[in-house]
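Chemist: The lines below spell out each chain.
4 protein chains.
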Amino acid sequence: MKALVYHGPKKVSVDSVPDPKIEKHTDVIIKLTTTNICGSDLHMYEGRTDVEKGKILGHENLGEVVEVGKAVDTVKKGDKVVLPFNIGCGFCQNCERGLSGYCLTCADPTVMPGMAGAAYGFAGMGPYSGGQAQYLRVPYADYNCLQLPADATEKENDYVMLSDIFPTGWHSTRLAQLEPGQSIVIYGAGPVGLMATLSAKIQGASQIFVVDDIPERLALAEKLGAKTFHTKDDKVGDQIRALTNGLGADCGAECIGYQCHNAAGKEVPNLVMNSLVDSVKATGVLGVIGVFIPQDPGAEDKLAKVGQIAFDFGKFWFKGMKMATGQCNVKAYNRRLRDLIHHGKANPSMIVSHELPLEEAPNAYKHFDNRDKGWTKVLLHPNAA
Amino acid sequence: MKALVYHGPKKVSVDSVPDPKIEKHTDVIIKLTTTNICGSDLHMYEGRTDVEKGKILGHENLGEVVEVGKAVDTVKKGDKVVLPFNIGCGFCQNCERGLSGYCLTCADPTVMPGMAGAAYGFAGMGPYSGGQAQYLRVPYADYNCLQLPADATEKENDYVMLSDIFPTGWHSTRLAQLEPGQSIVIYGAGPVGLMATLSAKIQGASQIFVVDDIPERLALAEKLGAKTFHTKDDKVGDQIRALTNGLGADCGAECIGYQCHNAAGKEVPNLVMNSLVDSVKATGVLGVIGVFIPQDPGAEDKLAKVGQIAFDFGKFWFKGMKMATGQCNVKAYNRRLRDLIHHGKANPSMIVSHELPLEEAPNAYKHFDNRDKGWTKVLLHPNAA
Amino acid sequence: MKALVYHGPKKVSVDSVPDPKIEKHTDVIIKLTTTNICGSDLHMYEGRTDVEKGKILGHENLGEVVEVGKAVDTVKKGDKVVLPFNIGCGFCQNCERGLSGYCLTCADPTVMPGMAGAAYGFAGMGPYSGGQAQYLRVPYADYNCLQLPADATEKENDYVMLSDIFPTGWHSTRLAQLEPGQSIVIYGAGPVGLMATLSAKIQGASQIFVVDDIPERLALAEKLGAKTFHTKDDKVGDQIRALTNGLGADCGAECIGYQCHNAAGKEVPNLVMNSLVDSVKATGVLGVIGVFIPQDPGAEDKLAKVGQIAFDFGKFWFKGMKMATGQCNVKAYNRRLRDLIHHGKANPSMIVSHELPLEEAPNAYKHFDNRDKGWTKVLLHPNAA
Amino acid sequence: MKALVYHGPKKVSVDSVPDPKIEKHTDVIIKLTTTNICGSDLHMYEGRTDVEKGKILGHENLGEVVEVGKAVDTVKKGDKVVLPFNIGCGFCQNCERGLSGYCLTCADPTVMPGMAGAAYGFAGMGPYSGGQAQYLRVPYADYNCLQLPADATEKENDYVMLSDIFPTGWHSTRLAQLEPGQSIVIYGAGPVGLMATLSAKIQGASQIFVVDDIPERLALAEKLGAKTFHTKDDKVGDQIRALTNGLGADCGAECIGYQCHNAAGKEVPNLVMNSLVDSVKATGVLGVIGVFIPQDPGAEDKLAKVGQIAFDFGKFWFKGMKMATGQCNVKAYNRRLRDLIHHGKANPSMIVSHELPLEEAPNAYKHFDNRDKGWTKVLLHPNAA
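Residue numbers (numbering that gives the first Met the number 0), protein chains in the order written: chain A, 0 to 384; chain B, 0 to 384; chain C, 0 to 384; chain D, 0 to 384.
Please keep in mind that the hints were generated in silico from the structure rather than gathered at the bench.
For clarity, every value in this text was computed on a predicted model and none was experimentally measured.
The beta carbon of each residue, even a glycine, is placed where N, CA and C say it ideally should be.
One or more hints might be untrue.
To be verified - No more than 20 angstroms apart at the CA atoms, straight line, and that leaves these computed lysine to any residue pairs for SDA-like:
no.: 1; chain 1: A; residue 1: Lys20; chain 2: D; residue 2: Asp72
no.: 2; chain 1: C; residue 1: Lys222; chain 2: A; residue 2: Lys20
no.: 3; chain 1: A; residue 1: Lys265; chain 2: A; residue 2: Pro214
no.: 4; chain 1: D; residue 1: Lys200; chain 2: B; residue 2: Arg173
Stated by the list, open to error - Cβ pair distances, simulated, as ranges:
no.: 5; chain 1: C; residue 1: Pro148; chain 2: B; residue 2: Lys222; range: 54 to 62 angstroms
no.: 6; chain 1: A; residue 1: Ser352; chain 2: B; residue 2: Arg96; range: 52 to 60 angstroms
no.: 7; chain 1: B; residue 1: Lys9; chain 2: C; residue 2: Val65; range: 54 to 62 angstroms
no.: 8; chain 1: C; residue 1: Val65; chain 2: B; residue 2: Thr73; range: 25 to 33 angstroms
no.: 9; chain 1: B; residue 1: Lys9; chain 2: C; residue 2: Gly343; range: 51 to 59 angstroms
no.: 10; chain 1: B; residue 1: Arg96; chain 2: C; residue 2: Lys30; range: 41 to 49 angstroms
no.: 11; chain 1: A; residue 1: Met111; chain 2: D; residue 2: Val65; range: 45 to 53 angstroms
no.: 12; chain 1: D; residue 1: Pro126; chain 2: A; residue 2: Lys20; range: 28 to 36 angstroms
no.: 13; chain 1: A; residue 1: Thr109; chain 2: D; residue 2: Asp150; range: 28 to 36 angstroms
With the hints as constraints, model all of the structure from the sequences given.
Modeler: And the structure:
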């Protein structure tokens, strides 16, 4: 089959590789109809991780079941399914509590003591191949496949967002403990930040503040009802306090991660976190789903090299704040978000900018990595006619 | 009346000062029978804060009501009451949600944008006098007085702990979201750390790990059923993982604060937080009640001067951890902890080392500040016969 | 002043009565600009309660502060405020936990052992006069007044709904533990049921099912996006299961109360509760805010006379269901719902059918009690020019 | 192999039956070393259910894994495991949220629309054989087996309680939302009621009230620190209010079920529920784990025949109470309760009265069903030497 393979920093190509096979009785094989490029794929593409050469990338996957292992009970050949980017077993002590992003069975324990979590086609997340390909092996299929209703094909561009960015944006608002009627400030208006904005809207936020430095992204956030601020704006914290009786936003979401940069384009790893501590009210909660990593040898910042940030902890403590972090447990949300799409209450595909055949993937990676204007979100259709 | 007055770094004396008076109809005056010296009093005593000279210190107060404002409804003359160290109004948007430590009505808003919270005799927490004195004015008395049952005098040394350290230790375990059957690691075996240990025991923890560098404190923690580690011990995180199926403790409590130091006695402000990130499992929660401050000009550490720590944020994020911080909302717990004392299920006075008349306070401050052996917790009885 | 006074079953009139006065330093007096007639006023109007003759009715009140007690701190003369129908003290053991509908200080303890809760102008809820009048005394004004923003007058018909029916409808969905993306079935499309429908919509329900027997009410529910069923419809439970993968609605709300009746108009007190047990899925939660009463001597049903219903408890238990009941703690929601109105995200006034001067109140009671067509929700403006 | 087989009301015998076999790749077979008789087995034994003749009973099972299906990953031959009485798949929409007692995959959907949940050897809970036998087939073994530590054999009588009654008693306190420092009233001091008492003690209740009519059971409850009341005692509600400042217990647990009877021995199905409504405070929560059933044709009470009780719903509503019901999701608790046993914090075997070989099972059923003095809890050891 054809697949997008990583060969080194900024080197990817579509190669012929062996088809995946049922390896365990609990597996299924799916034929991909849509698979996306994610902002976190760029961490690998840029060589900021230790991902092995030869890896097939791609963790935002939707397709049709074409082969079913003997111990699979509820997933059937022909089912249209979307897969969480996390791979979980369903029975370890984390999965059984809904922490499917921190599976102990599927994780690679050599990465870090106490390491948990696995994903398709990702650095440090186990040996699993990605889905930017024609076919994909899905472990523990009964647990990892979300079946789609009759409008699966019609709304495929919406449903594929259930694999990662819609639940991940949603997760940022849940980690932040947003409640209806409250205000939230979201840093980052990339695909995940926009999904956080959509999520806050669906959940009944009274005010949504979004901060970014790309005007076209801010325009999309405004379409979703947000009040936006450009990174360069004077004292965003003061402006937000002025709109919230002097207190600050009720809660905040970090949707950018370790490569955040100031208005001059320089990476300043603690910039967003400390801005959030400033712009959120005392007793507020921060939800952090932008990726931060335990070491980043290529960083310029001394602390960043060893995975640290200079954090305004005194202020954070004095304000009695809370923070919750980490990758999204997709299964915690994907059924209900599917139902919102199915019943016409959510349209996450609004951010799609490109739909391309698999062959165009290397070119798309280049544009997306350059933050080229208009390349907001790319969908690949590997088996399109 | 007599009161303990701050006159500058390491200078306190018992002076004659004017008696407090009813200033608003919602006030009462109490005659103190017990008032404690708290570890956080030492921050002021040592000159690490900007507390004004002439301030009466003391925020752990218990006494008898001797005068009652005209708008007070449920507190009566003669009632024996213990006071939360926080002063709240009961009706602002934080108090009405139980966040009595972040009162917006009683706070001094000039301290910081969005500042919240007030306390007796404390730097930056409003103009309120402390209770290391014969009498004390209590604002919003119906809200701030907790009435004590018939055994008030008999168990006075237990009940006085409801003013601060017992709820504060308890708070660290609630912020950490400890559940019965889980394990917890507690950094710090000072009075608050020991109260955290007692709290974890009452709540049914399966394993309690305590880390400190003072053997007599660790001995008290062991009495409470904890397994203890000396700060110098090799790789505490690895030892804890070995006792928890390789995962790390289920949650952790920080009960030390910004003056934490390494085994050599040097202040290393990020030491405890980063140790907690290591020794707690992926998806675990940290409860941080040790005080960290927004600026500390006297600190040697460059980041500490501006209230920052070099925080292992990449590891924290990768492990999907959470953290909750800040001073305790005493009213969230004090009724139920009172009931535990009353019904013989909790004896927080077990840590009391000294009971002294008010006149001995300056001497007690000196010993407590020197961390002199045996000076674990000092109670003053200002109106003793 | 003029006020609507109860004189016996179906006998109310607008009388001249003495003006209210500041009785305690914590009181304020408000001049009413809007006050509503509530469905629960009809329980008293119809003589189904033991409310005393001479009582001024009215618990949905909004007005301007005209006099302020000496111990009131944050409410000022001239403030436009809306009042929760509950009266709370802010400091008892229930109020301090946000259970402002179950105040122990303001309650009349002679009603029932362990009784809690107070309200303006209501049977069994303490000696407080109602607000269907020109002026009203508000106890514990700092706690009980919600201040309104600059658009107070412009959106007065929306804001007045914060006194009761909007938070009460909202409460039914919170008691039912509705989560975004879930489905809910709501029994009753009267004012409160419609507010429950609006609340479910704001909170991101994927499907809202509403059951009632009045077509014009169902039409309003449909406007809010609900799928509706007439009480006479065949097997509503089966129809709902067909729309929810055979499982039933995720949760349910009871917005009718003890006078619920079947399609033939006969009161059948257990009808709605047992229908909810049927139409909600196993493990689902029921939120019950329709009023049920401890005794109802005038009822025809034998069990109803002693406050009982023949409840399908075996089925309820087998399905592992939960239920939460009782009057709304308005303060738990009113700030945030105010913010939703202020920021244009909620318009509860959509259900208003009549705006009348106080003098028209007796006539309005008659029409409302007759369930006359078009009399959905009546607002009185007692001090209109 | 030998197994205890049901042949009709009060007719059970130990018969030779075929050995169980691996039927699906996700199964294991265990050799039972301990299996208990449960109070709910008596519902079947007495003929109050429609359980089919020929059924092997027994849902409290512990044993050693002797055969492992090909798709099982973490359970190994030789592992000592205890099994939740519920059978779950781990991946359906209920199991994935921890509602393992309401599995949709393993349930028998013909029992009731929306039916969920399965169990070993139980009426209406699917086709699964019970474990009062030498061997047992365990479906979805990775999900359903809880592995035991090195002291498995030494503490076998404690660990076997993890199959049902310890988690079920615990569940009643969690459904009741007991918090540390609160009081709880528990109706029933049978095995489950005693486990509820033990659970409340471990969780730091300040007062535990237990009501039953068998003195030797009450004596065991007192050993656990409870204050006890005999069913015949005058006005238990008033007595409890006198011990709780006039309010009533903070929460309550129902541990008896539909066969509850008054002091005269007559079944009165609504007796306990209505007593709980009386003895628990306004805003309190009831946890109901005693079994109630959708129909009971053999009952004398008219309402009970159709699964109803005459419930004090008016009082329940007026007091703003909540209630949660249903069988325990054992997996929600069993790991942590195992750790409490392992670390010496819980000894549920304290209630064991008899340890017998399998052959004695019919005799034990007879004594247990007669409520013969001293027959508190019977353990069978089917493969004892």
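Chemist: Looking at the structure, which of the earlier hints fail to hold?
Modeler: Violated hints: 2, 6, 10 and 11; rest satisfied.
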